[in-house]
Structures are given as structure tokens and as C-alpha cells.
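S.K.: Below, each chain spelled out in residue letters.
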Amino acid sequence: MLFFFETVISGALAGIMYSLVALGFVLIFKASGVFNFSQGVMALFAALTLVGLLSGTMPFTHIDNAAMSLPVWAAIPLTIFVMFIVAVLIEKLILRRLVNQEQIILFMAMVGLTYVFEGVGDIIWGSDVKVIDLGLPQGAWGWLLDTHDFYIEKIEMVAAGTAAVLVTVLAIFFQKTRIGRALRAVADDHQAALSVGISLRTIWIIVWSVAGIVALVAGVMWGAKSGVQFSLSLIALKALPVLILGGFESIPGAIVGGLIIGIGEKLAEVFGGELIAAAFARWIEIDPGIFSATENWFAYILALIFLLFRPQGLFGEKIIERV
Amino acid sequence: MLYRESGLFKTSYSADQVIFPIPQDRWAILAILAIAFVGVPLIMDDYWANAVFIPFLVYALAALGLNILTGYCGQLSLGTGGFLAVGGYSSYKLMTSFPELDMILVLGGAGATTALVGLLFGLPSLRIKGFYLVVATLASQFFLIWLFYKVPWFYNYNATGQITVVPREALGFLVTTQKADPAVRYLFVLSIVVIFAMAAKNIVRGRFGRMWMAIRDMDIAAELIGIRPYMMKLTAFAVSSFYIGVAGALIFSVWLGAAESGETYGIDESFLVLFMIIVGGLGSVLGSFLGAGFIVLMPIGLKNLLVDGFGMTAVLAKHIEITTFGVLIIFFLIVEPHGLARLWQIIKEKLRLWPYPH
Numbered sequence: 001m002l003f004f005f006e007t008v009i010s011g012a013l014a015g016i017m018y019s020l021v022a023l024g025f026v027l028i029f030k031a032s033g034v035f036n037f038s039q040g041v042m043a044l045f046a047a048l049t050l051v052g053l054l055s056g057t058m059p060f061t062h063i064d065n066a067a068m069s070l071p072v073w074a075a076i077p078l079t080i081f082v083m084f085i086v087a088v089l090i091e092k093l094i095l096r097r098l099v100n101q102e103q104i105i106l107f108m109a110m111v112g113l114t115y116v117f118e119g120v121g122d123i124i125w126g127s128d129v130k131v132i133d134l135g136l137p138q139g140a141w142g143w144l145l146d147t148h149d150f151y152i153e154k155i156e157m158v159a160a161g162t163a164a165v166l167v168t169v170l171a172i173f174f175q176k177t178r179i180g181r182a183l184r185a186v187a188d189d190h191q192a193a194l195s196v197g198i199s200l201r202t203i204w205i206i207v208w209s210v211a212g213i214v215a216l217v218a219g220v221m222w223g224a225k226s227g228v229q230f231s232l233s234l235i236a237l238k239a240l241p242v243l244i245l246g247g248f249e250s251i252p253g254a255i256v257g258g259l260i261i262g263i264g265e266k267l268a269e270v271f272g273g274e275l276i277a278a279a280f281a282r283w284i285e286i287d288p289g290i291f292s293a294t295e296n297w298f299a300y301i302l303a304l305i306f307l308l309f310r311p312q313g314l315f316g317e318k319i320i321e322r323v
Numbered sequence: 001m002l003y004r005e006s007g008l009f010k011t012s013y014s015a016d017q018v019i020f021p022i023p024q025d026r027w028a029i030l031a032i033l034a035i036a037f038v039g040v041p042l043i044m045d046d047y048w049a050n051a052v053f054i055p056f057l058v059y060a061l062a063a064l065g066l067n068i069l070t071g072y073c074g075q076l077s078l079g080t081g082g083f084l085a086v087g088g089y090s091s092y093k094l095m096t097s098f099p100e101l102d103m104i105l106v107l108g109g110a111g112a113t114t115a116l117v118g119l120l121f122g123l124p125s126l127r128i129k130g131f132y133l134v135v136a137t138l139a140s141q142f143f144l145i146w147l148f149y150k151v152p153w154f155y156n157y158n159a160t161g162q163i164t165v166v167p168r169e170a171l172g173f174l175v176t177t178q179k180a181d182p183a184v185r186y187l188f189v190l191s192i193v194v195i196f197a198m199a200a201k202n203i204v205r206g207r208f209g210r211m212w213m214a215i216r217d218m219d220i221a222a223e224l225i226g227i228r229p230y231m232m233k234l235t236a237f238a239v240s241s242f243y244i245g246v247a248g249a250l251i252f253s254v255w256l257g258a259a260e261s262g263e264t265y266g267i268d269e270s271f272l273v274l275f276m277i278i279v280g281g282l283g284s285v286l287g288s289f290l291g292a293g294f295i296v297l298m299p300i301g302l303k304n305l306l307v308d309g310f311g312m313t314a315v316l317a318k319h320i321e322i323t324t325f326g327v328l329i330i331f332f333l334i335v336e337p338h339g340l341a342r343l344w345q346i347i348k349e350k351l352r353l354w355p356y357p358h
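Chains A and B, in that order, give the protein sequences. Everything in the first sequence is counted per this note's numbering, starting at 1 for the first residue and increasing by one. Everything in the second sequence is counted per this note's numbering, starting at 1 for the first residue and increasing by one.
What you were told as hints is all true, and nothing was included just to trick you.
Each computed DSS-like pair below joins lysine-lysine, with the alpha-carbon atoms no more than 25 Å apart:
| # | chain 1 | residue 1 | chain 2 | residue 2 |
| --- | --- | --- | --- | --- |
| 1 | B | 179 | B | 93 |
| 2 | A | 130 | B | 318 |
| 3 | A | 30 | A | 318 |
| 4 | B | 348 | B | 201 |
| 5 | A | 30 | A | 176 |
| 6 | A | 30 | B | 129 |
| 7 | B | 303 | B | 318 |
| 8 | A | 318 | B | 129 |
| 9 | A | 225 | A | 154 |
Calculated from the structure, these hints are not laboratory results.
Isolated chain B, as found in the complex (with noise of 0.2 Å):
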């Protein structure tokens, strides 16, 4: 009765073609970004900023970027901790040596350094597929990771070794290190992502998608009708590493304000980035967002309930939240493979037909 399709008249092919056909879809949306940018940021303290919204934030971008890889492409990868990596360590290049960039094209930059080193780990993919492909992806981890701690050029010759976040505006506004204002760090990092959430709906739906897409559902055939496979594994590895490496360095820059190769960009990165789009959904823009979400959050819930509620220690509240990770990963992989998402596009089905079930 609220959600449907009928009524709706195309008359002309751009409407048909739009990103949200039904009307309520555009609204809720409206309402959602309405709410993100004017409601949000009155409530926002350090607090809100640094243990929830921004991480959730900048995950979310992260896990867009492994979705077009893994989901759409279907090139499975767990090297995401080390192309974050790259994305921290060269926007840190960048502010250092460029003190007048604007944080923009800092992000950028770091995104684009990013897609080039995706480039060069994606270069097997044509040859080695699956869970080689997994092990190949896996030494760009572990290689970057020990390339940042052993080359002292790209900590600027640190004694601690780590990199720290100088002060940098964007457009005017202090974003960085902890004397900007929280909501206006928010507000950045929330203007990044949305900008980068509409530019991968609009990708995936386009002639690049597509194709991605092709190559997933199988590659052979998607060969015989015309498609390049390699050309299309590269594309993917280097538009889906420019979102990891802008993700990387608003980790570095804008949230934690420091960072340490092995710490900030270990392989459990790689693995909760790749969590975040199996709970969400592969193959869905909406899930990236709705894994993020619940694996940022649900650690900090669990933890409020078991050390607060329960009067555990943290050690033990640690190994319990470990536990039920594992066992929430697989219970969604035997109930529901496809994710939150797929749960959100059944809601949506049944909304439809309400209130009459036939």
C-alpha cells in the first residue's frame, strides 16, 4: 500500500533509467542524507565521531571498494589491509611534501597512488584464479605491510617509526588532527562517502558493471561475447583499490590521526573489510553500508552489555566477542549467503504486497 511499483508511468527512457525508479525509494533516501547532514553533526562530540560515525564511515568506503572487486568482479582478495596501507602512507607523502594541497586532492592523490599499486597485485589475476588468487593477494598484504616498516622514506625518517597527522584544511575548513571540530571531520568524511557511494551505484548499473558483472557469473562466457577478461580484472583491481586507498587515508588522517604499518593495516583489516561485504551482501551497495555498520557497531554494543552489564573483565569480554564474530559469520552464511541486503530487498518484497499477502 506505502511501497509500490504500480502507478508508476515511464514516458520517457531517462525516467526509466533512473537510480531510484520508486518514489519512496528517493525519499527515503532524501530523508536519510537530510537526517546524516543537519541532524547528525547537532548531537556530534568526540565521543560519537571517533567510536562510531566516522569509522562506520569510512569502513562503509572501504567495504564499497572490496565489493566492486569481490562482489561484482568476483576477484576474491584479502590484501585490503595493505592497500589501505597505501592509501595512509602516501596521503602522509603528500600533506608533508605538499603543505598548501587542499585535502581533497591530498584523497585524491592517495587514491590514485592506490589504484596503481592495485594495478600491479592484480597483474596475475589472469592467470591464477580462486584460492590462489587469494594466497597472491595475501603477499601484497604481507609485502606492503613490511615495505612501510622497513623503508624509512615513507615515515619522513621517524625515530618511532609511526606517522602523524599534521593540521590540513579542505575547502576552507580544519578537518584534520584532533583541534578540528568532530562535527566538521564527520561532515567531510560524510560528503566523501556519499559523493563515492553514488559514483559506485552509478558504476556497477553502467557498461563497466555490467561487464564486471559478466566476468564474475563466468568468465569464459563472458569472453566469447566480446569482453576482455584481463582488461576487466584490471579495472576492477584499480577503480576498487582507489575507494580502499581513499578509505585508508581518511583512517590515517582524519580518524585515528596516527598510524603504524603492522598495527593500523594488519591482515585483520583485510579480514573484517571482507566480513563487513559477507554480512552486508556481495555484489550490493546498499550492504556495504549495512556490514559496516553492524560489524563497527556490534563489538562496541557487545562490549557495552558484557563489561558494563555483566561486570565482566575486558580480556574475557574480548575472547567472547572473537567468538560470536566467528559464530555470527557463519550463521549468516548457512541462513542467508546474500547478506543483509538480501534480507532489506525481501522486506521490500513483502512490503509490496501488504496488507494483502496474495
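For reference, chain A alone in the conformation it holds in the complex (with noise of 0.2 Å):
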């Protein structure tokens, strides 16, 4: 029993990584409708200029300069800022053109932006496996694991806590500022937003800001777990289900949809195997385990089911269709 429980609260855990991603998406896409693939390779992105700028690699060189390293109070400053530039390009650069276009269109333009950041990430900092150290506390919960033979993961804990934090600010911001209620605003109508005199591009260029903080945010803490380099940005392929899940719209849904696609997960890959061979045990053989490689398809084929029955997820708006 206590082994399962271990399983639910690592998969619940790991969940919440995959919402810090996720969070990304669902910012982007309530405020202008864009479906943002780059997601993930924007985390990579800023996880990479957070690890340039505190280990005082030059860019383009990719040589380490002990002398011009950051401290990181003035690293994650900084890095903020470039994400905000990126977003001012992204802005100016790509949506500003894309006014009135189909969705695909703008999704394919997302997928094109994804080649842009990967290609420039390796060009400025290296393609190499970089170590995040930000003195984030590594390895076991040592008096969980002492008292009740527990085993979690100290850098999850962070996580799950810094999700829990960003998304208490990101409510309050949207709630109570002028900038949030202009935002939820554009979310709600762009036309009705824009003749009430907000301005779409500076709302598109605040919307991306914050969806680089918190890409900066998933990739700081994935990059802490696995190390910051390409595979980092597949994790954008994570989120998907759990959006899909939990609804496009919808920042609650990003976190429950996160909660279920990781316990789900977790379940499947130690238990899955096991009840499928002993459910088919009396016709045929099968190897328990079959479950042990289904990460990548598990929380597809989980969110596809689902879909079935909500085709808007779980917290997503009604699809109502109109003539």
C-alpha cells in the first residue's frame, strides 16, 4: 500500500512539471488565440540563457569565462529580460503579419518559430548537456525516506511548490491588475477588446513576457532534474495531452490535467503490465513488461479517450458551432 501511494504522489509530482509547461500554452492561447508549439523550446531557450549568463559563457564562442559569470540574482533578472526582447520580436516580427489568418496557419508559424529557437539556442550557447546550479536541493526527502521509508524527489517538492506559487501570482494578477483584466479582456473578444481602446499588440507582447517567465520557470526546474539540453524542449510534447486534457482555456485545467496525466502515467508504467498479464493470462502470454516504454504514448491514448466523451476537455469552453 505505502508503495502505492509512493507511485501516486511521484506521478502527482512529475504532473505538476508537465503544468508548468503546459501553463505556457494556455497564457498564449486565451490571449490570442495562437496555439504555441515553441513552447518547449522556449523553455530550453531561456534555461540555456540562464546557464550562459551564470557561467559567463560567451556567446557565439561557446567558452566559459569564469571572470564574467553572474551571480544569480542578476542572472534570472536578466534572463527575464531577454525573454521579454524575444517576445517584442516574436511580436513585431511574426503576429503583427499574421493578423486575420487561418489558425493552421499561425500553428505552422509556431512550428517554424520552434526550428528558430533551437537552431539559435545551439548556435549562441552549444549543443552540449549543461548543468543547472542553482542550489536547488538535490536528491531524496531524507527524513521522509528515515521516518516512513518514503521516497520523494527534494527537486519536485521545489517544483511542485513553485508551480503553486506562480500560479497564486498569475491568478492575482489576472484578477485584481488593470493589466490582467485587460487581458482576460482580449481573451474574451478581441473586437470588443480593441473598441474599448486596449491595444492587442502591447496586451500579445505582455502575454509572451510572461509565458517566457514561465517557461524560464519549467526550464529552470526540468533542466535542474535531467540537465539543460535538446530533449529538454520535447517536453512541449508532454503538454499536449495534459492541455487537451485539462482544456485549452483553462489555467485549472493545466494543473488538474497535469495531476492526471502524471499519476496516470506513473500507474500504468509500475502496475499496467502486471493486471494486462493477468488479465490475459488464461489465452495468452504476455510480458509485464509490455507497460515499461509507454511514456510517450500513454497520456496521448489516455487524452484521446477522453476527448471521445468531452471533446473540450475538462475545464474548456463549450465548443458551440455557428452558421
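Grab the two chains, each in its own frame, and use the hints to assemble them into the complex.
M.R.: Spelled out as C-alpha cells, the structure:
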């Protein structure tokens, strides 16, 4: 039984990590209707920039220079500033020129943007695996392991805490501030928002910057767990089922979807194979390890089955078709 | 002056309905086919076949398939890599289980298998639309790749997990493995692609193509005039998967000679083929060829320029290539969302008026 709970909790914590990425998607989708496929690579890019600044790497040369390295309190704001510049560039060079295009065109532009981020990040900072060192705790949580024989990674607890803080801050930002209200107005109806004097361009820049900050957080958490490297950008693909489970427009949906996917994935991985093998044991012999490498598709199939019953996701707005 | 429609008097219904109504178009197509069938094989060697011509042709076929689904029926799919894998692996199973089978039949079988799998994964498409469907097709991509890697039956319990081609003939000519003459392999792929392209051109201007386009433009309106959206979406999935399956079988058997599910048919392939139809033009048969040509040739040209011309390292050139890819895609979407095929149309319009611009 203890093992079961351990599986559930480690699944939930992994799910929170997915939610961090999914959050960035939701923010941009709500404000601009753009499905930002490049969110995962943005996380990679932000993490690469932070590591580069921390270690004093000279851009384009890939040479570390300890004399140039910045302390953590300076590197983080500078990275956020870089993400802001990126947001401005994206708005100026891409979004502004694709206004009123079909959604599929915007989506493909974001796929193109993914490639640009990937290439530029590698050209500037090099493509080797980097270690991110922000002084985040590593390893198992000793006290819990000693007293209750319960294994939890510290970094995942930190990620969960950060996610909680992030969601709270975002909720306050959206509900209470002037800009937040403008953002919600844009999300509701672009034209109505324009007509009461809200500047769409400013809003887009703000949203993309916020998404950049969320990407930085996600990049740091994932980077601390498995090193800053190309595979980090693939977490975008893991966030997609979370999104469709939770609904594209809902921040709570991203969190709940992440939890469901994280727990479901872990349970299937640990218990699914044995269950299936036991269920079919009478007719056919199935290797209990069959579910061992399912992390690539299990979440997708789960989300797909779910979609058949609720096409707009758990918390998504009901799709109403008008002619 | 050279290229115009005036002076063409059609006296029968069939003359009005021919595929290429303008004589210059017909001559151009015939000339291109003559060069492709007679001229190109003369200079064919292993490098040209494996690096340029065969990849171009098989990707054009895959792009054609995806274009039927995405460009004509409006269902965005990112499962292309998975369907290519179904084609590749089913052709392998057919080749090894029935050694006497002609390659043409193997390809047909691979296409049919893929069409069935495509039907299966097309089932959710009635309820799920837009981005949700994209994610659903991604599910098929990941699931299929996992299946071919995890179930040893598909690769005949090899120790390596790879599938390797065996020598097989088409109409008496050896077309697979490296022992086959590159010119023969090229001609085999070319004939198949030409047949499929002509078929596609005819399907999309016929009854099915028009119904697909009606669904794409507005599914509710299409339903109101009596088109069954479910049937049409499913047929689009089936036909498109058939094309992609044949392309996948050709990638494995004639082009590469060996394949491994995650390496050869990964998610990157899905994006690559999608880029081809964006760059080439959504909803255009010609566009599939232009896009495939562009995407296959650009990396080769860029690599030659950067590595041999400027003496860069291969790694840096690779990064620059990826960036250029992304920039070009965004550039195309902004400047010409309808792709290279639309540029060709504009040139045609201009040619009609030339040399008098008004």
C-alpha cells in the first residue's frame, strides 16, 4: 500500500512539472488564440540563456569565462529581460504580420518558430549538455525516507511549491490588476477589447513575456532534474495531452490535467503491465514489462479516450458552432 | 503570347473536361516526363539516386498523401511519420512472408494496410476538430512507433530491432537492395509516383475531391447540402494513408534499404512532410512536388555552401540549417501562405498577358 501511495505522489509531482509547461500554452492561447507550439523550446532557450549567464559563457564562442559569470540574483532578471526582448521580436516580426490568418497558418508559424529557437539557442550557447546550478536541493527527502520509508525527490517538491506560487501570482495578476483585466477582455473578445481602447499589440507582448517567464521556470525545474539539453524541448510534446485533457483555455485545467496525466502515467507504468498480463493470462502470455516504455504515448491515448466523451477538455469552454 | 487560352475552342464535353486544358501545359508535362524517364537515367549513379532523386520522389508521394488529407479535406495531421512506419513495416512483413510476391503487389499491400490503420485513427475525427485533432494524430504517431519497437513480431525477432530489405523484383527487374541498378530503382519509383500523381489529380477534381473541399471550406454547410462529413473524412484518411503507406514502403525498401521505427519514421518526418505541403502549397498536387523538391534540395545545397564553401564545421552548419528552415517557413507563411504553387499561378497569370501588361 505504501508503494502505491509513493507511486501516486511521485506521479502527481511529475504531473506538476508537465503543468508548468502547459501553463505557458494556456496563457498565450487565451490571449491570442495562437497555439504556441514553441513553448517547450522557449523553456530550453530560457534555461540555456540562464546557464550561459551564470557560467559566463561568451555567446557564439561556447567558451566559459569565469570572470564574466553573473551571480544568480543578476542572471535571473537578465534572462527575464532577454525573454521580454524575444516577446517583442515575436510580436513585431511574426504575430503582427499574421493577423487575421487562419489558425492553422498561425500554428505552423509557431512550428517554424520552434526550429528557429532550437537553431539559434544552439548557435549561441552550444549544444552540449549543461548543468544548471541554482542551489536547488537534489536527491531524496531524507527525513521522510528515514521515518516512513517514503521516497520523494526534493527537486520535485520544490517544483510543486514553485508551481503553486506561480499559479497564485498569475491568478492575482489576472483578477486584480488593470493589465490582467485587459488580458481577460482580450481573451473574451478581440474586437470588443479593441473597441474599448485596449491595445492588442501591447497585450500580446505582455502575454508572451509572461509565457517566457513561465518557460524560464519550467526550464529551470526540468533542467535541474535532467540537465539543460535538447531533449528539454520535447517536454512540449508531453504538455499537449495535459492541455487537451484540461482544456486549452483553462489555467486550473492545466494543473488538474497535469496531475491526472502524471498519476495515470506512473500507475500504468508500475502496475499496468502486470494487470494486463494477469487479465489475459488465461488466453495469451503477455510480457509484464510491455508497459515499460509507454511514457511517449500513454498520456496521448488517455487524452484521446477522454476527448471522445468531452471534446473541449475538462475545463474548456464548450464549443458552440454557429453558421 | 506563348501561353494563353484564347483561340482554344472546345467543341465537346470531354474536351472541356481534360486534365490540362491548355496545350502548352500538356507539352510541358510531356517534356518533363520525357526528361525524367529518358534523360535523367542516363546520368544516374548511386549518389544522385540516393541523395537527390529517390528522396525527392518518395517525399513528393508522402506530401501528396498528406495534402489530400490536410490540403483538400482540411484535417491537420501530425501522424505522417507513424503511417510511413506502417507502410515500411508492412512491406517488410509482406516481403519476408511471401518471397514470390512482386514488389508492385507488396507496395499495394503496404498501402492497403496503412489505409486500414489510417481509417482506425481517423475515427475520432468527427467529434474532434482543429488542434484537438492534431493532438489525436500525434497520439497515433507515438503509439505506432512504440508498437513497432516493442513487438518483436514486426521485425521478425531480429537481435538488432532493425528491418533490412531483401532482394525483390518488380516485373522481372531487381529493384531493392544496393545490388539493384540505381537507374532501375529510380525508374521504378518514378513510375509509381507518376501513376499516383495522375490518380490524385483526377481524384481531387472529381466527386470525392469536391466533397472533401466542401468539408474543408465549411463542414456544416457541406452537411446541409447532403455530404456526409464522417464518410468524407474517413475516405480522406484512408486515401491519404494509402499514399503515405506506399511512400513509407518505398522509403524502406528502395531508398534506405533498412529502417528502425523511431529513427527512420520519427516525429521529425511528420513535420518535414507538413512543411513540404506548406511551402509547396496546401490543396495543390503541383505544390506537393515543389515543396518536396525544395525541402529535399535545400539542406543539400546549404550544406555544400556552408561546409565546403565557407569551411564551417558540420555541427554549426546543421544548426544554421535548422534555423534557416524555421525562418523560411515563417517567411513563406507571411509572404505567401498559399505556397510555391501560388507563385506558379501568379507567373501563369502574368504569362497570359505577356508582353502586353494591360
